[in-house]
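A.B. asks: This is what each chain is made of:
Number of protein chains: 2
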Amino acid sequence: MSHPSTTARNRSGHTVGAAPTAMRRHEITLRTAAPEHPFTVALHAEVTGPDRTIRIPGFYDGDGMFRLRHLPLTPGTYSFRTVSDLADLHGQEGTFDVGPARPNDHGPVRVAGFHLAHADGAAHLPIGTTAYAWTHQPEHLQESTLASLRAAPFTKLRMCVFPKWYQFNHDEPERFPFEGDGDGGFAFDRFDVTFWQHLEARIDDLADIGVQADLILFHPYDRWGFATMTSDQDDAYLRYAVARLAAFPNVWWSLANEYDLLKSKTPEDWERFAAIIGEEDSVGHLLSVHNCWEVYDHSRPWVSHASMQRVDLYKTAEMVTDWRERWGKPVIVDECGYEGDIDQGWGNLTAEEMLRRTWEGAVRGGYVGHGETYLADDEVLWWSKGGTLKGQSPERIGFLRKLLEEAPGPVEPLPGDWDAPRAGVPDQHVLVYLGFNRPRFRTFRTDPGTSWHVDIIDTWGMTVQTLPTPQEGTFRVDLPARPYMAIRLRAA
Amino acid sequence: MSHPSTTARNRSGHTVGAAPTAMRRHEITLRTAAPEHPFTVALHAEVTGPDRTIRIPGFYDGDGMFRLRHLPLTPGTYSFRTVSDLADLHGQEGTFDVGPARPNDHGPVRVAGFHLAHADGAAHLPIGTTAYAWTHQPEHLQESTLASLRAAPFTKLRMCVFPKWYQFNHDEPERFPFEGDGDGGFAFDRFDVTFWQHLEARIDDLADIGVQADLILFHPYDRWGFATMTSDQDDAYLRYAVARLAAFPNVWWSLANEYDLLKSKTPEDWERFAAIIGEEDSVGHLLSVHNCWEVYDHSRPWVSHASMQRVDLYKTAEMVTDWRERWGKPVIVDECGYEGDIDQGWGNLTAEEMLRRTWEGAVRGGYVGHGETYLADDEVLWWSKGGTLKGQSPERIGFLRKLLEEAPGPVEPLPGDWDAPRAGVPDQHVLVYLGFNRPRFRTFRTDPGTSWHVDIIDTWGMTVQTLPTPQEGTFRVDLPARPYMAIRLRAA
Numbered sequence: 002m003s004h005p006s007t008t009a010r011n012r013s014g015h016t017v018g019a020a021p022t023a024m025r026r027h028e029i030t031l032r033t034a035a036p037e038h039p040f041t042v043a044l045h046a047e048v049t050g051p052d053r054t055i056r057i058p059g060f061y062d063g064d065g066m067f068r069l070r071h072l073p074l075t076p077g078t079y080s081f082r083t084v085s086d087l088a089d090l091h092g093q094e095g096t097f098d099v100g101p102a103r104p105n106d107h108g109p110v111r112v113a114g115f116h117l118a119h120a121d122g123a124a125h126l127p128i129g130t131t132a133y134a135w136t137h138q139p140e141h142l143q144e145s146t147l148a149s150l151r152a153a154p155f156t157k158l159r160m161c162v163f164p165k166w167y168q169f170n171h172d173e174p175e176r177f178p179f180e181g182d183g184d185g186g187f188a189f190d191r192f193d194v195t196f197w198q199h200l201e202a203r204i205d206d207l208a209d210i211g212v213q214a215d216l217i218l219f220h221p222y223d224r225w226g227f228a229t230m231t232s233d234q235d236d237a238y239l240r241y242a243v244a245r246l247a248a249f250p251n252v253w254w255s256l257a258n259e260y261d262l263l264k265s266k267t268p269e270d271w272e273r274f275a276a277i278i279g280e281e282d283s284v285g286h287l288l289s290v291h292n293c294w295e296v297y298d299h300s301r302p303w304v305s306h307a308s309m310q311r312v313d314l315y316k317t318a319e320m321v322t323d324w325r326e327r328w329g330k331p332v333i334v335d336e337c338g339y340e341g342d343i344d345q346g347w348g349n350l351t352a353e354e355m356l357r358r359t360w361e362g363a364v365r366g367g368y369v370g371h372g373e374t375y376l377a378d379d380e381v382l383w384w385s386k387g388g389t390l391k392g393q394s395p396e397r398i399g400f401l402r403k404l405l406e407e408a409p410g411p412v413e414p415l416p417g418d419w420d421a422p423r424a425g426v427p428d429q430h431v432l433v434y435l436g437f438n439r440p441r442f443r444t445f446r447t448d449p450g451t452s453w454h455v456d457i458i459d460t461w462g463m464t465v466q467t468l469p470t471p472q473e474g475t476f477r478v479d480l481p482a483r484p485y486m487a488i489r490l491r492a493a
Numbered sequence: 002m003s004h005p006s007t008t009a010r011n012r013s014g015h016t017v018g019a020a021p022t023a024m025r026r027h028e029i030t031l032r033t034a035a036p037e038h039p040f041t042v043a044l045h046a047e048v049t050g051p052d053r054t055i056r057i058p059g060f061y062d063g064d065g066m067f068r069l070r071h072l073p074l075t076p077g078t079y080s081f082r083t084v085s086d087l088a089d090l091h092g093q094e095g096t097f098d099v100g101p102a103r104p105n106d107h108g109p110v111r112v113a114g115f116h117l118a119h120a121d122g123a124a125h126l127p128i129g130t131t132a133y134a135w136t137h138q139p140e141h142l143q144e145s146t147l148a149s150l151r152a153a154p155f156t157k158l159r160m161c162v163f164p165k166w167y168q169f170n171h172d173e174p175e176r177f178p179f180e181g182d183g184d185g186g187f188a189f190d191r192f193d194v195t196f197w198q199h200l201e202a203r204i205d206d207l208a209d210i211g212v213q214a215d216l217i218l219f220h221p222y223d224r225w226g227f228a229t230m231t232s233d234q235d236d237a238y239l240r241y242a243v244a245r246l247a248a249f250p251n252v253w254w255s256l257a258n259e260y261d262l263l264k265s266k267t268p269e270d271w272e273r274f275a276a277i278i279g280e281e282d283s284v285g286h287l288l289s290v291h292n293c294w295e296v297y298d299h300s301r302p303w304v305s306h307a308s309m310q311r312v313d314l315y316k317t318a319e320m321v322t323d324w325r326e327r328w329g330k331p332v333i334v335d336e337c338g339y340e341g342d343i344d345q346g347w348g349n350l351t352a353e354e355m356l357r358r359t360w361e362g363a364v365r366g367g368y369v370g371h372g373e374t375y376l377a378d379d380e381v382l383w384w385s386k387g388g389t390l391k392g393q394s395p396e397r398i399g400f401l402r403k404l405l406e407e408a409p410g411p412v413e414p415l416p417g418d419w420d421a422p423r424a425g426v427p428d429q430h431v432l433v434y435l436g437f438n439r440p441r442f443r444t445f446r447t448d449p450g451t452s453w454h455v456d457i458i459d460t461w462g463m464t465v466q467t468l469p470t471p472q473e474g475t476f477r478v479d480l481p482a483r484p485y486m487a488i489r490l491r492a493a
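Just so you know, the sequences run in chain order H and B.
Using the numbering used here, you'd call the opening residue of the first sequence number 2 and step up by one each time.
Using the numbering used here, you'd call the opening residue of the second sequence number 2 and step up by one each time.
Worth flagging that the hints you see were computed from the coordinates, not collected in a lab.
The reader is advised that the hints may include incorrect statements.
The list makes no distinction among identical chains, and a pair is therefore deemed to hold if it is satisfied within one copy or across any two copies.
Stated by the list, open to error - DMTMM-like cross-link-like pairs, simulated, lysine to aspartate or glutamate; straight-line CA separation at most 25 Å:
id, residue 1, residue 2
1, Lys316, Asp418
2, Lys264, Asp184
3, Lys316, Asp298
4, Lys264, Asp418
Sequences are here, hints too, so could you generate the full structure?
C.D. replies: What follows is the structure, encoded as structure tokens:
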């Protein structure tokens, strides 16, 4: 007979004595004699809170422990009742009280027009970076990655559940999501709970430093068979991942990195995966799928935002304009080329070009993700293994983040000149980006009766020079004839 | 009664005693009492040479002189007979002998696949630049332009017949194509022959330094009414221009700069203009029309080559690939943005970006034209008035020209990598362009049994570093991790 206990865990995943609070995950634990096939036990709970009743899936976590995780979004009294095909786990009931959210707990990220906001309404700027396989590296390297992120401007990290086998990534990880190993093969029906516990601790670590985990559920760079499991195995894996992870506020679901390179999957597979997540994820985390050459149909109703790789080598972040119009959803260019110097064209941009693309996306009302691929003798490249950031773009992306945070709201594209996109908040705040062009001056024509503070922004030099007096009507702004300049007008 | 005389003119337009030679214009002059309406006199000649009989139009050149110009392409004996509605000019006959072409006279430029060649088969590389209104400037400035061109790599100059009124171009020219002036207006039915004689001398000056005159027949930047003449006036102007200029070997016809901004003209007008040139130009010079936003239908049979302005601010010369496929004709991007620092996005590229676009066009089997727009207190900007070249791209475009001339033939696109276009001559010569990417190495896989000299080319630094030994099979080429590099493979 199992006796349920409910516990709150802190962001590092450790059980604490604190009472449950909103926007923080809550866990119901059922202990029982370990069954022979624990991963096929059917278990869920119905949880009724102040607003609604939801269904949360349970999962086996080893040592005879089954867990059911829940992310309460509002304070109040909650009750639950379990349903299982294992008598011991069936019909367990309980109640618990959830207190108000703590100050830094804003809840999961949602779509807000073409932008994002937390469940409590706080804005979220997805300033992304990529370290696909950082959790599969030695511990000291994972700690180094966290230290780098702590000092960096990023608020989102693209990362894979499965380990990665690819250029500069030919190491066997210490843990695998399934029982087995790379030599003897894997029991795809038996999860290695230590892998998942480790992954969860790392997701909590990211939450601690304000970073969303954009979790990639499938990817093609595989030597272990994780990319070519059967449909049943795929589905069981997905259900297990969602049962474990959906209660983490800072999780996003990315069905794939480069779905179109996963040749063993069909269009129907991706749709079925999305449906499974829809069923199992009671929180409704952001959900998308990312392309290599063939853009996914992001008009599908389950796609929360377009997670894009640029498909043209030359016109990249500028496509945000078209993509917003095409799908009417937030556009996040998760792969727009990376700062670095490797042999491949996706990984040898200058920092200037990486930054330019980030700005181009931003002033079109989208978000461009960072990545870094500098050749290194130790083969530790940030884009895959994490570690230390070596490039010049992150600091400057941080400068852009600061400017975006200074705006009175999410910056939306505004009517502008043919050669310089504009974004801002109408009548209040205008950002004009000049990109690779380098005029020695620009002329502005503003509405009669309006007056503007004019800031000359060097996006590379990270300086803001404000003209001594507000400007009105038609005025000329002199510029230094360098690329990567922007001009900001703030209503005076 | 008129007595025809035939004269050869040298390239500066002066009558010389030398006998006519092929590939050089030849002129038949008829003197008569000046009629009251000399410009409406109908006059042409039938000229029969060794290969064929052609019709050449005559024109009035002032002082009672009518001229009929002819460009013989082959040596031999020629005879002519005039036809006119003026009795004095009708039925004049004569014969003349044309000697072999002189060594530097290669004749007019023709289409040769996706490339160009002179009538005698000599290759022509159209390395273009732009000085729209250079012939409408004070004499000293025109001389300065010619001196600049003499020292520059350019083989083609885009220039307008009509003067230009636009930003940095607010001067009245000394001469106009019609009688009259900017204050009192113009007699569109009476040509000012001194204007045309001057223009011809300048076209000859260009020929002397090996530069093709890409003559723009209409353009929208007008304050004198030349852009808004009646159809009859347009047609008479065109016929007059062709009668005067078709015998100049180094003339190309450009129906318009930015035809779509000439709002007074209809699609039918452009087609009629092309038909008139087809009728009147016995040489068959290159003929195209150039767009602002709306690309002309370059599949029209009279279009010899696509004269393009880039239509996307970001994907520019890279479009050569698509455009070649679309029209199956040479692609010359006459306006791809200019090196400079003026306020407008078409005129404030860095030299690096101007050069990058030139290379991108070249390795796609097209040609990108140069322009320069540096702000100047004297308002002399090369793109319009000519004068002195100040930028850093011309020298480097010359370096590209030299590399193209070193190839064993016109470079054609070759199958390459997704991130680095290739062009060359199959099995002999390969140019790989890396553009804004900056790899620290590239790996090449060449066919078994082939061996290659490998040149590492810094297109900005204008250096060629050849690996000490030829390479075979799969080999790695180390690179300096800078943008704007190219690699050349030459069959060993």
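A.B. asks: Could you work out which earlier hints the structure fails to respect and list their numbers in ascending sequence?
C.D. replies: none
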